[in-house]
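*Asks:* So the sequence lines, in the order shown, correspond to chains A and B. Letter by letter, the first sequence follows residues 1 to 331 of our numbering. Letter by letter, the second sequence follows residues 1 to 331 of our numbering.
Hint data in this document are derived by calculation from the structure and do not stem from the laboratory. One should not assume that every hint holds.
To list a few chain A residues with every Cβ distance to chain B over 12 Å, as calculated [as the list claims (entries may be wrong)]:
1) P14
2) A27
3) R43
4) D61
5) L73
6) L96
7) T106
8) E117
9) K174
10) R200
11) S228
12) M256
13) G278
14) S279
15) L290
Here chain B is said to cover these stretches of chain A; the calculated rule only asks that three of the stretch's residues, wherever they fall, bring their Cβ under 8 Å from a Cβ of chain B [as the list claims (entries may be wrong)]:
16) 144-158
17) 295-309
A virtual CB, placed ideally from N, CA and C, is assigned to each residue, including glycine.
Protein chains: 2
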Amino acid sequence: MPRSARLHLHLETPRTSPAHFHLTEEAWAAAARRHRALARRLRVTIGWDGEILDAALGSADLMIDSTPPRERLRERAPRLKWIQTTGAGVEGLLPLDWLPDDIVLTNNSGAHGPKAEDSCTMALLALHARLPQVMANQRDRVWRQILTPPIAGATAVVIGFGDLGQAAGRAAKKLGMKVIAITRRGTATRLADAAYPATRIDRVLPRADYVIVASPLTPLTRGLLGASRLALLKPGAALINIARAGIVDYEALRGMLERGALSGAVLDVFDPEPLPAGSPLWSTPNLMVLPHITCDRPGYADFVLDRWFENFERFLGGKRLKNIVDRQLGY
Amino acid sequence: MPRSARLHLHLETPRTSPAHFHLTEEAWAAAARRHRALARRLRVTIGWDGEILDAALGSADLMIDSTPPRERLRERAPRLKWIQTTGAGVEGLLPLDWLPDDIVLTNNSGAHGPKAEDSCTMALLALHARLPQVMANQRDRVWRQILTPPIAGATAVVIGFGDLGQAAGRAAKKLGMKVIAITRRGTATRLADAAYPATRIDRVLPRADYVIVASPLTPLTRGLLGASRLALLKPGAALINIARAGIVDYEALRGMLERGALSGAVLDVFDPEPLPAGSPLWSTPNLMVLPHITCDRPGYADFVLDRWFENFERFLGGKRLKNIVDRQLGY
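Excised from the complex, chain A in its bound form:
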């Protein structure tokens, strides 16, 4: 195949992103060996912090980037047809009014399921066993037995039932819990015992022993769990957020934990990240602060590239790509 017939793929990474997101020379070389035939159809450039971005955009057909360039994109990238994001959430790119109609945007939804399922299982059981308190007691060398029954039969309300929400649902069902899904339209799903549309959330929250936040951050979900909604939770309920910080009012949540209105919380997502050392969340009672680890796994970049190659095969075959971000819904 003549070099000119190859498609130009540009990989772009900000050096400030977590290391497991980095699309390095080594990661690309290894992926190209795993997908040799497809890789031969490509000419690849690898950039950092936008240093070669403008030159690359001039000829790029395809791009993988955690924060794609949004300014005058069509003009700067006349041949660009497809942008793949490195992560699953694209809330930083909304609204998608910068995205030309003939460029498709795909995300990594689905990349996080198995790890998220483990993490939700752990978070549910840790909150149920009052582990944050037990570990605070360990720190103070205090032997105090807090006995809790098995978790089976408790109710988990899962907000958002996409990739992460279904993982949360599998975790809860595996533990014998009852699962209520809150989705945009309230569409029933086999994994959940019941499903309600987001408009009914105020009626569902009082039933939760555990709330798991697993929805994308969109204009519709931003601030969804504000102070007044959190106040609907029953005394002693607990909350897990593996999605995005902007969905939950952390100040209100912190107040409830401080006065014992909730039994605990596990937060894996913050705004900004890393969580600043001065944040009061670090030392809030019964709050477990996880540093954005519940859904990602080591070798994530390899995983991203493997999934990209699968989609690239569809692209070459003229098939509809997987994980296309809906311009209206924003996920």
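Let chain A serve as the given structure and place chain B on it in line with the hints.
*Replies:* Just chain B, lined up with the frame of chain A:
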């Protein structure tokens, strides 16, 4: 039925035992209401710290006690036929040379399964996610991502495959792990992918990503995991003990955790309990100290009494009791 035809049941509790073990007037009254017909066959005395023990033994036919009297028992309790222990482990009563041949001893094996399964699931996932380190980082307000893959495919070696061991096995299988059971005779069980006799333990330990100690404490298991056996574990392996402290050399374990030879441990059992405030275990890196909470649930005394009534029905019907402690094996 004339009062004299009733059987005399004596309940005895040391006040120093954990509160959920206490066989109180209230617990008895509630259980008697749940088992009205059977309760009518009984005359009941309730004692604390042995205050009325000798008088009670004089006429008792049946007894529930966490630490039954061992001295001159036949002489002091001429009518006694059956002793039920409150707990599952009876290592404190071994050897059973004090137990007259015509008195049957039953324990509470089987009482702890569902709760132990939840606890093992949590402990496995917490160790896999390096949660002790993550929570130490939280305490220090340090944001450091430790990424781990899903736990599926990792190997759990479960030592002892009775009530607790099978609960551990179910926990590991539920997480997609491989389960190797170590039992006295190495008898295969459906729950485990493989089973080996205790004599083969040295060959099996190097295969463990996680070791779960779940056997009774007997002369055969005391010190089973001494320093040289622990040294057989692969670097980065982790250990969970939900059974009895005497099975594992905690000093050797602590040394391995201090120098990072193991990735972590969850200990729920100590000798003595409560763990003294001066113990170095409280602050050993990557060690989670749980205050004997993994297998017990609230309402344990109610549960004990309900199970006792089931066995009492068998007793009245002349059937073989459940959970008879084997005099030779000691569990």
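*Asks:* State for each hint whether it applies.
*Replies:* Going through the hints against the structure:
no.	hint	in the structure
1	P14	holds, 16 Å
2	A27	holds, 15 Å
3	R43	holds, 31 Å
4	D61	holds, 32 Å
5	L73	holds, 31 Å
6	L96	holds, 29 Å
7	T106	holds, 23 Å
8	E117	violated, 8 Å
9	K174	violated, 6 Å
10	R200	holds, 30 Å
11	S228	holds, 29 Å
12	M256	holds, 19 Å
13	G278	violated, 8 Å
14	S279	violated, 8 Å
15	L290	violated, 6 Å
16	144-158	holds (count 9)
17	295-309	holds (count 5)
Of the numbered hints stated above, those contradicted by the structure are hints 8, 9, 13, 14, 15, listed in ascending order.
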